[in-house]
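Chains as they are written, first to last, in the working numbering: chain A, 1 to 319; chain B, 1 to 258.
Keep in mind the hints are simulated off the structure, nothing from the lab. Check each hint, because a few of them may be wrong.
[To be verified] The calculated EDC-like cross-link candidates involving lysine to aspartate or glutamate, where the alpha carbons are at most 16 Å apart (straight line), are:
1. 67/B with 127/B
2. 218/A with 20/A
3. 152/B with 245/A
4. 152/B with 300/A
5. 308/A with 159/B
6. 67/B with 126/B
7. 230/A with 268/A
8. 286/A with 20/A
9. 125/B with 173/B
10. 125/B with 9/B
11. 257/B with 170/A
12. 177/A with 245/A
[What the hints assert, rightly or not] Rough simulated footprint, nothing fancy, chain A against chain B, three-plus residues with beta-carbon under 8 Å:
13. 32-42
14. 49-59
15. 73-81
16. 129-138
17. 247-257
[Said to hold, decoys possible] Residues from chain A that face chain B, not an exhaustive set, calculated with beta carbons under 10 Å:
18. 50
19. 63
20. 79
21. 234
22. 238
23. 290
Quick caveat, the model's predicted, so the values are computed rather than measured. Where is the CB? At the ideal position from N, CA and C, for every residue including glycine.
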Amino acid sequence: MQTVEPLLQEAEFDQKILDEQKIEPRDWMPEAYRKNLIRQMSQHAHSEVIGMQPEGNWITRAPTLRRKAVLLAKIQDEAGHGLYLYSATETLGCTRSELIEALQTGKAKYASIFNYPALTWADVGATGWLVDGAAIVNQIALQRTSYGPYARAMVRICKEESFHQRQGYEIMFALAKGSPQQKQMAQDAMNRIWWPSLMMFGPHDADSAHSSQSMKWKIKRQSNDFLRQKFIDQTIPQIKVLGLDMPDPEIRWNKKRGHYDHGEINWDEFYQVINGQGPCNHQRIKHHKRAHDEGEWVREAVRNYREKQNRRENSTMKK
Amino acid sequence: MKDEINCTELENLTRFLIALGDDSVIYSHRLSEWCSNGPYLEEDIALTNVALDYTGRARLFYQYAAKLEDNGKTEDDIAYLRTEREFTNLLIHELPINDFAFTMLRQYFMDVFYCLYLQALSGSKDESLSAIATKALKESHYHLKRSEPWIKLLAQGTDESRQRILRAQAELENFTGELFLMETWEVQLVDQGIAVDRSLIQLEWERQVSAFLAESNIQFTQTQLQVSGGRCGIHTEHLGHLLSEMQYLQRTYPGMKW
Ligand SMILES: [Fe+2]
Ligand SMILES: [Fe+2]
Chain A
1 MQTVEPLLQE AEFDQKILDE QKIEPRDWMP EAYRKNLIRQ MSQHAHSEVI GMQPEGNWIT
61 RAPTLRRKAV LLAKIQDEAG HGLYLYSATE TLGCTRSELI EALQTGKAKY ASIFNYPALT
121 WADVGATGWL VDGAAIVNQI ALQRTSYGPY ARAMVRICKE ESFHQRQGYE IMFALAKGSP
181 QQKQMAQDAM NRIWWPSLMM FGPHDADSAH SSQSMKWKIK RQSNDFLRQK FIDQTIPQIK
241 VLGLDMPDPE IRWNKKRGHY DHGEINWDEF YQVINGQGPC NHQRIKHHKR AHDEGEWVRE
301 AVRNYREKQN RRENSTMKK
Chain B
1 MKDEINCTEL ENLTRFLIAL GDDSVIYSHR LSEWCSNGPY LEEDIALTNV ALDYTGRARL
61 FYQYAAKLED NGKTEDDIAY LRTEREFTNL LIHELPINDF AFTMLRQYFM DVFYCLYLQA
121 LSGSKDESLS AIATKALKES HYHLKRSEPW IKLLAQGTDE SRQRILRAQA ELENFTGELF
181 LMETWEVQLV DQGIAVDRSL IQLEWERQVS AFLAESNIQF TQTQLQVSGG RCGIHTEHLG
241 HLLSEMQYLQ RTYPGMKW
C-alpha cells in the first residue's frame, strides 16, 4: 500500500498537468513542485513589495497633484499585489513571516530591477512603462500556469499592471514632448532602465537553472528568450512614438526573423546584481528590515491585545 | 457698493477653499510618507489610501478656488508655487509622522473632527462646497472605522504601545485647539451660511474623544494653552522642509508641463 500510493498520486498529478488542469492547494503535489512554486511565487511577491521603494522615493516629490494621486494609487496596487501573492504562496504551507524572513536574510530573491536607483522623475515614467511592461509580458504567460491560486492571482494582477504601464508611458510622453531638459530626462531614464528591464526575463534559456523543470510542470509557460523578444518587439515602436533615440545602437528590424535584433545583455552585471552587489541591494533590504523592526512593537501590541480578548471571551463563556 | 461686498465675499471664499486645500494637501503628504514604512503591508495600503483620499480633497478645493479666481492659475500653481508663509493649513496637519502611535492618534483626532465638520459643511449654502464636503464625509466615516480600533488596540496592547499613545497625546493636545479657531474672514463666511462655525463643533468633538479614550482609561484634557497660527502662515519649522521636498520639481523647472 505505502509504496503504491505515492506512485498513483504522482501519476494522477502528471496527468492533470498533461490535461491542463489546475493543481489546487489540497491536491497532492511533488515536494520539488511545491518548493519550486514557493521560490517563484514568493520572489514575485517580494518584487511587488520591494518595488514600492524606488517608486515611493518619488511620491513626496511628484510634480503635480494628479501625478501624485496616480503614483500613490499605483504603489498601493503593488502593495496589494504583494499581499495577494503572499496569500497565494501561503496556500503552499508557509507563513508570511517565514517568507519575510527569507527575504531579509537574502535566501529569497526579488526582481533585480529594483536594485537600481530611481534617480529622476522620468524614472517613475520609465519604470511604469518598461518594468511594468516587462512584468505584464511575463505575467500574461503565467495566467496559464499550472498552480491554480497563482494563475488566478496573475489574471487579477495583469489588469492593474496594464493600467500602470499606460500611466508610465503617459509620463514619458509628456516629458519626451516637453522642454529639451525634460526630453533629456526621459532619454536618460530610458537608457538606464532599458537593460535591467531586459534582464527581468532572466538568463538565456540555455543558462536558466530552473527553466526546464518549470516548463515541464507548466509552472512556466514560455521561455525567457521568447518572452524577452516579445517585449522588445512591442516596445521599439513605442520608443519611436516618443521620438527618443534607441537605448541600444544594435537595435535593427530583422526581416528574415520577423523580430528586432538587439545587442547582447551585460550578463556579468546581471549576475553581479543578482548576487547582491547591485547599486541598491543593501539599501533595499536595510529599508525593509528597518521598517519591519520599527513595526515590531505594533505587531506585539496586536498579539497581546488579541490574547487578552481571547482570554476575556473564554472566561465569559465559562460563566 | 454691492460689487465691493461681492468682491470680499469671493475673496473670503477663495481664501477658505485654499485653506481647506492646504489642510488636505499637507496632511496627505505626511501620510504618504508611510509608503513602504508601515508595520504591516496592510497598513501601507491603508495609510496610502487615506493619503490618496486627502490628495483628492485638496484637488477639489484647489480646483474650485482656481475656478473662482479665474486668473489662469491651476490647482498645481496653488500647491506648488506658494511659500511657507503663504500656506494656511492648520498646524496639526503638518506635524511629522513620528511613530505609528502618533500617526494613528492624529488620524483618530482628525477623523472625529472631519466627520463632524464635513457633516456640517455639507449643509453649506454654496452648492459646490457642499458637494465636496458630502463626498469627503463618506471617506472620513470610513477612516474613523479604521482609526478607532487601532487606538483601542494600541492603548490596551502592551505597556510600550500604551506609553507611545500617551506620549503622542501629550504632544497632539497642544494642536487640536486650533481646529476650532477662526479668522475674521471665516466668521464672515459663517454668517453668510457658507462656512461652518468651528466653535460649535468643539464641544461635541471633545465629548466623543474623551468618552472614547476613557474606555481605554485615558483621560483627555484639552490644555488651555493651544498653539495656533497656521491660518496666518505662522507654521512649525517642519513645513518649510515639507514644501521644499514637495515643490522641488516645479521650482527647479519652472513653467513646464508634466
Ligand atoms: Fe504589480
Ligand atoms: Fe505594476
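Hints versus structure:
no., hint, verdict
1, 67/B with 127/B, "holds (14 Å)"
2, 218/A with 20/A, "holds (9 Å)"
3, 152/B with 245/A, "violated (57 Å)"
4, 152/B with 300/A, "holds (14 Å)"
5, 308/A with 159/B, "holds (13 Å)"
6, 67/B with 126/B, "holds (14 Å)"
7, 230/A with 268/A, "violated (23 Å)"
8, 286/A with 20/A, "violated (42 Å)"
9, 125/B with 173/B, "violated (32 Å)"
10, 125/B with 9/B, "holds (13 Å)"
11, 257/B with 170/A, "holds (12 Å)"
12, 177/A with 245/A, "holds (13 Å)"
13, 32-42, "holds (count 10)"
14, 49-59, "holds (count 7)"
15, 73-81, "holds (count 4)"
16, 129-138, "violated (count 0)"
17, 247-257, "holds (count 6)"
18, 50, "holds (9 Å)"
19, 63, "holds (4 Å)"
20, 79, "holds (5 Å)"
21, 234, "violated (26 Å)"
22, 238, "violated (19 Å)"
23, 290, "holds (8 Å)"
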